[in-house]
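Participant: Chains A and B supply the protein sequences, listed in that same order. Here the first sequence stands for residues 299 to 675, where the numbers follow the working numbering. Here the second sequence stands for residues 299 to 675, where the numbers follow the working numbering.
Please note that a few of the clues may not be correct.
A pair holds if it fits inside one copy or across any two, identical chains being indistinguishable in the list.
[To be verified] The calculated DSSO-like cross-link candidates involving lysine-lysine, where the alpha carbons are at most 27 Å apart (straight line), are: (1) K565 / K390; (2) K565 / K367; (3) K367 / K440; (4) K390 / K367.
Treat the hints as calculated values from the structure; they're not laboratory data. As the structure is a computational prediction, the values presented were derived from the model and not from experiment.
Protein chains: 2
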Amino acid sequence: MQGMELDDLDTPTALIDAAQMDRNIARMQARMTALGVRLRPHVKTSKCLAVARRQRDAGAQGITVSTLKEAAQFFDDGFDDILYAVGIAAAKLPQVRALRERGCRLAIVVDSLAAAQAVVADGHRHAVMIEIDSDGHRAGVKPEEDRLIAIGRTLHDGGVVLQGVMTHAGASYELDTPEALQAMAEQERSRCVRAAERLRAAGLPCPEVSVGSTPTALSARHLEGVTEVRAGVYVFNDLVMANIGVCALHEIALSVLATVIGHQPDKGWALTDAGWMAMSRDRGTEAQAVDHGYGAVCDTRGVPIPGFIVSGANQEHGIVTLRGDAPCADIEQQLPLGMRLRILPNHACATAAQFPAYAVLGTAGRITATWERFYGW
Amino acid sequence: MQGMELDDLDTPTALIDAAQMDRNIARMQARMTALGVRLRPHVKTSKCLAVARRQRDAGAQGITVSTLKEAAQFFDDGFDDILYAVGIAAAKLPQVRALRERGCRLAIVVDSLAAAQAVVADGHRHAVMIEIDSDGHRAGVKPEEDRLIAIGRTLHDGGVVLQGVMTHAGASYELDTPEALQAMAEQERSRCVRAAERLRAAGLPCPEVSVGSTPTALSARHLEGVTEVRAGVYVFNDLVMANIGVCALHEIALSVLATVIGHQPDKGWALTDAGWMAMSRDRGTEAQAVDHGYGAVCDTRGVPIPGFIVSGANQEHGIVTLRGDAPCADIEQQLPLGMRLRILPNHACATAAQFPAYAVLGTAGRITATWERFYGW
């Protein structure tokens with residue numbers, strides 16, 4: 299695709315605006331440096347070596363992964379400090395061990411006594427983080443629970459490296475004011491730090507305190523007691539982040555290039571070749587202040603075309619309409635057959651996952667590179 | 299994976315119950331044969347050569363595809379009678395032409411005068427179907443519209459092969475009684491046949507009349523005037539099809555094998571390693587009679603565990619709870635850490651798309667093969 303213009307690309311194609319992505323990376327890195335913490339980006343968003351290398355070049359230390367396939371792929375590319383941030387299943391320990399025996403500093407996560415016992419029983423000197431529940435959103439041990447200490451002691455006495463505590467305030471995705479986000483960031487920080495203090499007070503080691511989500515990372519006023527922050531989607535941003543209030547629409551670096559393939563003039567519909575297979579089925583903006591359907595419609599420069607969203611989607615058909623009930627009266631003129639559009643995604647992690655590669659868009663409006671991404675487990 | 303048992307597989311993994319898939323294929327083929335029409339399966343569901351070969355071996359004639367990548371991949375495997383069932387964009391005509399010049403009988407679809415003119419302008423003797431709107435659901439020309447004849451004449455006089463008319467009654471997905479489905483099947487049939495009759499009355503050729511969706515195909519009482527039926531998801535079936543009423547839960551041949559990785563006992567939650575990246579974000583059962591969340595939970599034999607669904611999902615975490623508000627009081631005992639589950643998908647096309655391959659489960663409970671699938675465009 300290198301050297302091609304947007305009008306010449308096959309569609310649908312996932313586009314990365316490289317300059318905007320670099321600005322997103324620089325912004326988060328600068329904020330983490332200012333707060334005095336390391337940044338360990340979550341590479342589940344891009345699953346792309348070229349993207350993670352840019353994050354590392356900007357100052358990131360280590361990466362976070364959501365699958366062991368990511369761990370293996372990134373380790374083969376030279377990333378050797380990796381946190382697998384999903385509670386470990388005993389059946390996955392042989393894979394973890396194999397990577398560690400090859401030199402990968404791969405840490406794993408537990409949040410129960412049973413899981414801690416399974417890790418100890420594996421007999422390898424694993425590096426383990428205890429997951430803390432800071433928002434009632436998903437997994438983790440609450441900081442005041444008795445079992446926190448029992449889990450820590452089981453790990454430490456069992457001969458594995460108790461590396462620290464980690465949490466993810468996924469509930470931040472439900473907020474949309476600076477005050478609420480700052481409060482959630484402080485809750486995430488303080489509860490994770492509290493868990494670390496309890497472990498230390500019990501005589502257990504807890505060097506690392508790892509927190510993070512893009513909304514809380516960009517909203518935290520201070521991160522006292524925290525050693526590292528994990529965040530993923532900031533690298534691209536998306537419509538959900540814009541609704542939360544942590545980025546503007548023009549700061550979204552990922553879009554899907556689509557072609558208008560037809561119309562239903564009576565209904566004010568334009569049909570495109572970017573359906574849910576391209577956009578993903580993610581409807582993350584549905585419950586937010588501005589519902590963008592399956593995506594917000596921009597021209598090929600990436601400038602929003604006011605009012606147009608992908609209001610419906612079939613597998614390979616997107617239905618573009620004006621937001622609201624009033625149909626566009628001259629849809630065939632406004633979005634003519636063959637016109638190229640760029641669709642901003644609700645959720646960059648989900649949309650990116652639908653594509654085997656990204657076309658990298660340079661400032662001159664031409665494709666400067668193709669970056670592969672991987673998928674599966 | 300060949301020879302492995304379910305407890306030994308990495309998770310998440312997409313499983314095909316091969317015997318059930320074969321029964322699904324046989325059922326649809328027998329029905330189409332009884333109705334006197336050809337079956338042209340939509341291979342967008344599986345994107346898998348091994349699956350499509352079984353459909354062909356059972357009597358299918360030709361295939362339907364949703365992307366030109368599918369067309370190329372299946373043609374390379376010997377499938378040479380292909381309908382690309384998404385309205386053609388002029389920019390894709392060179393790819394279509396290249397496949398046809400290699401001997402692929404690849405037909406394309408238009409639903410506007412502008413698209414017909416673009417196909418004619420390409421100068422190749424393309425084979426073209428006119429898409430008919432039989433249900434107001436997506437693309438297509440209504441059978442009584444004047445432009446139907448104008449499009450047909452433009453194509454025919456322009457030197458391309460006017461192969462016929464095609465429609466897809468996607469609105470059938472919103473129904474759930476045999477009476478409503480029969481009525482929709484008859485509407486799909488009669489409107490598409492009417493369009494063919496109008497073209498013929500205008501002196502234009504229209505040899506093929508192609509209709510189909512899994513719900514209407516399985517509900518039609520007769521298909522007079524129809525030459526072929528396209529259907530896709532029947533090969534696997536899914537929870538949406540079960541809610542519509544065209545299959546039972548035990549007739550769903552696709553499931554996702556997952557592992558329990560943790561619990562929140564207070565809330566009655568079990569966490570698994572099959573989040574939305576594995577299940578897809580499809581919530582197709584949300585508006586149906588039985589909302590299965592992100593999937594219905596079965597044991598490793600594929601038998602539903604009563605009441606349990608994937609009620610929430612993060613990227614790599616599934617949250618399994620009892621349906622409704624009452625939390626399971628002994629979730630750690632009922633779904634213990636490390637337990638393997640099989641999750642039935644809302645929408646097989648979307649869930650299958652998340653996986654690079656299928657593990658094929660034989661009747662003895664062992665994996666008999668790995669079948670690759672492709673993705674992207």
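Participant: Against the earlier hints, flag every one the structure doesn't satisfy and list their numbers going up.
Facilitator: Numbers 2, 3 - these are the hints that the structure violates, sorted from lowest upward.
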